[in-house]
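Participant: Respectively, the protein sequence lines represent chains A and B.
So in the working numbering, spot 254 of the first sequence is number 254, and the numbers just go up one at a time.
Numbers given in the working numbering equal positions in the second sequence, counted from 1, plus 475.
None of these hints come from the bench; they were simulated from the model.
Even for Gly, the Cβ is constructed at its ideal location relative to N, Cα and C.
Heads up, some of the hints might be wrong.
[Stated by the list, open to error] Chain A regions said to be covered by chain B (calculated; three or more residues, Cβ under 8 Å):
1) 85-95
2) 139-153
3) 276-287
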Amino acid sequence: MSKPQLTLLSREDKTFLHERVVEVLEEVGIAFNSPKALDVLAAAEVPVDRDRLSARIPRELVETCLSMVPQQVLLAGRKSEHDIWLGEAAMPAFTADGSATYVLDDASGRLREGTLADLRRFLRLLDALPEVDVTWSTVSPRDLDPRTSLLEIVKAALSESTKHTQDGVRQPELVSPLIDILEAVSGAPLTERPLFSAIDCTIAPLQHDPRMTDACLDLVAHKVPIVVMPMPLSGTTAPMSLSGTCIVHLAELLSAVVLFQLRSPRCPIVASTAAAVADMRTGRYLCAGPEKALLNLALIEMCKYYRLPTEADGVGSDAKTADFQAGAEGMATGLVAALAGADAIIAFGCLGGAEVTSLAKVMLDCETVRMIEKTLQEVTLHADSTVLDDIRDVGIGGHYLGCKSTRRLARDGESFQSRLFRRGSPGTSVPPSIVLEAAERAEELIAAHQAEPLDDDVTTYIDGIIRDFSLLDAD
Amino acid sequence: MVDDIFAKMAQTVIDGEAEEAAELAQAGLDAGISPTDILDKGFVKGIDEVGDLFARGEFFLPELVQGAEAMKAAVAVLQPELDKSKIGRKVAGVAVAGTVAGDIHEIGKTIVCSMLSAAGFEVYDAGCDVAVETFIAQVKERQPDLLLLSALLTTTMPNQAKTIQALKDAGLREGVKVMIGGAPTTRAWADEIGADGYAEDAIEAVAAAKSILQA
């Protein structure tokens with residue numbers, strides 16, 4: 001069996017990068033910005049600087065902690081049929097993208113700030129689509145109280161979908177109510193059924209967000225999977241070179257691995273590859289482009305070198321709408337990540353450098369994902385698959401439409417069938433926009449689909465947790 | 476001869492050579508050239524050229540930031556002499572910028588500061604994780620025309636609103652224009668909290684700053 005794959009780094013390249021990463025960790029250090037994190041490191045005799053809230057991490061500790069990270073990570077769904085095991089599957093899982101500020105109305109072209117109602121609609125769509133394995137808050141609702149918004153978002157994710165969900169936890173005080181909510185829904189400890197994974201965004205260059213770090217230190221005690229997501233930008237918060245950006249990214253990643261493994265040995269970690277490029281005119285984050293594809297490729301290979309399950313930043317676009325640019329960028333970045341062997345790929349809904357999302361983009365991303373999946377399929381080149389008998393029977397000239405093998409293999413998926421992309425004769429006029437058609441299909445799915453609802457008593461319990469926390473926090 | 480010196484001063488800014496800029500500024504003072512001439516005929520010409528080259532798409536952020544750093548280095552040498560002569564720099568405005576409390580994201584704010592410097596503003600960068608009280612103290616001390624508040628997290632955006640309220644409580648609101656920015660912020664949010672301006676990126680920030688001050 002043969003499977004397409006893509007590599008960039010030689011063994012010497014990987015060793016070179018690793019040695020530079022270790023040099024940075026040992027000589028430059030990392031600012032954890034959290035006294036609690038420094039306590040964890042100091043207890044392991046890591047040299048810490050309490051004034052700067054930073055530490056220099058010895059290579060031996062990096063290597064020890066890397067050996068402790070589980071190579072397979074369970075991302076559990078509310079229904080076990082949606083469980084994902086990262087690190088052992090033949091095909092990558094595909095996750096939604098997260099936290100856009102704006103929703104784009106595909107028909108009118110208007111942008112507006114997202115609301116909880118928008119988020120629920122997106123979650124319902126993500127639950128309906130078989131291409132989606134993991135949900136995320138595709139849009140960041142602006143009509144929620146920031147103090148409790150994460151709890152409302154997780155409630156929406158769990159009620160509108162039975163799939164695993166991930167999100168960032170920026171407030172340590174939310175960890176306890178969050179755990180209560182998750183265990184109430186799953187009916188089991190999180191260690192057995194982790195319905196949620198937490199995204200930990202480090203801050204380049206070489207820093208951790210203090211409150212996010214503190215929240216993750218509590219979450220790892222419950223073995224909640226942590227998706228470590230450094231986001232250095234070439235040229236601004238990382239060196240302009242591919243290797244320099246990789247080094248900063250990996251130093252932040254490994255510093256998080258060390259911290260979390262010291263706090264909770266063998267806690268599940270997923271390594272995200274969200275390094276990107278800064279626009280050299282504005283400094284803005286660019287989530288797509290050839291440099292992004294190369295960064296993904298190099299970082300996925302390095303994460304495999306470290307034996308870490310990976311979640312690659314994949315099918316997003318800097319385009320303003322779901323247009324040709326969006327398709328080209330998404331495929332260029334996503335396909336490279338898939339061929340590099342990423343265990344999961346962030347895939348659905350990203351426009352405008354992750355600031356915008358739209359229903360049509362989610363639908364069209366499904367087509368990109370399906371093409372990627374088809375490209376990754378293993379190919380068998382033994383005698384049966386070449387159907388030599390048919391070639392002999394059909395002989396010179398003739399056709400294969402009458403062959404049973406054609407009928408069988410076409411049905412078995414040898415022929416890719418798109419649900420939205422247009423094929424066939426050009427016709428006499430330009431057909432309606434594929435974007436509008438995609439948006440209409442999304443609306444149909446949203447109207448028709450409903451995830452198995454949460455039990456009423458669970459919903460009441462969750463509402464009580466959120467209300468009680470809100471009152472407590474107000475005090 | 477003097478014109479040659481001024482041309483070299485301008486070139487240090489164009490080349491982004493902060494150390495050389497400081498050395499030439501000192502050399503100019505030592506040669507008896509007035510600090511205002513050194514600034515206006517030397518270094519300001521350089522930063523103006525950097526701005527023009529950026530606007531034409533020939534220079535990019537690294538040149539802009541490094542040019543601003545060189546300018547800053549030269550001004551640091553000249554400032555004591557300018558203070559003695561009681562002649563202020565001609566500036567487009569005075570700005571204080573910072574990332575709000577609880578937020579250590581800095582790069583966007585740093586780029587805006589460099590762009591404003593290149594556009595002729597006198598800029599004081601208050602850093603990141605800046606407490607509301609610190610912003611108020613800075614406004615009292617510097618008496619800026621503009622206060623720029625950056626937030627990169629939805630959880631820290633409320634501190635932009637708190638800072639504006641604190642300005643009102645301190646009786647300082649009328650004396651300063653407030654601009655906000657940062658990836659999760661929007662024009663609607665700026666309007667909601669009573670900011671005077673909003674920018675989506677650093678280029679927009681300079682245009683918005685000039686527009687607000689002219690209004």
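Participant: Would you check chain B against the region 276-287 of chain A, counting CB to CB pairs closer than 8 Å, and say if three or more residues qualify?
Facilitator: Answer holds; 7 residues pass the 8 Å Cβ test.
Participant: Three residues minimum, CB to CB under 8 Å: does the region 139-153 of chain A make the cut for coverage by chain B? Let me know.
Facilitator: Since 4 is at least three, the answer is holds.
Participant: When I compare C-beta atoms, does the region 85-95 of chain A have three or more residues closer than 8 Å to chain B?
Facilitator: violated (count 0)
Hint violations for this structure: number 1 only, all remaining hints satisfied.
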